[in-house]
Structure formats: C-alpha cells, structure tokens
Amino acid sequence: MRYRIGETPDELGPPVGQGVFAGAAVFSFLLGIGFVVAGIRSRHYWLSIWGSGLSIVSAAYLVFTLLVS
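If you read the sequence shown in this note's numbering, its first letter stands for residue 1, the second for the next number, and so on.
What the hints contain is simulated information worked out from the structure, not anything from laboratory work.
All clues given are correct.
Derived CB-CB ranges, DEER-like:
#, residue 1, residue 2, range
1, G17, V63, 16 to 24 Å
2, E11, Y45, 44 to 52 Å
3, S69, Y45, 33 to 41 Å
4, G34, L12, 30 to 38 Å
5, V63, V20, 12 to 20 Å
6, P15, W46, 35 to 43 Å
This structure is a prediction, so every number in the text was calculated from the model and none was measured.
Backbone N, C-alpha and C define an ideal beta-carbon position, used for all residues, glycine too.
Put together the whole structure using the sequences plus the hints.
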C-alpha cells in the first residue's frame, strides 16, 4: 500500500468529539418520537414500542452526558 509523502499509517486522524454523539442522540430521539406516532397511527404497536425505547435511551444518554460534563 502506498502513502503520500509525509503520511505514516501509524498516525491517527483527529478524534471524534462529543458533538457528533450528541447530534446522533438528538436525531435518534426525534426519530423515536416519529416511530411512536407512526406506530400508533398505523396500529403497528411493535414500532411504537421500539420507538419509545429508542427515544428513552437517547434522552437518558443526553441527560447523562449533561450531568457528567
């Protein structure tokens, strides 16, 4: 495998910050709420249960990161 001049394969890129994870948690929280609404309206209750679990876990992650930081 060839590398550009000045690059070494041992050097890692910049680390991923907490903003990426917080954004994913907010997105999954909103997506979970959408799944709850869609599951209730379409009478697919497994979808509403799965969406409520997704939104609860996402909210718990956001609260945990706010309390720890």
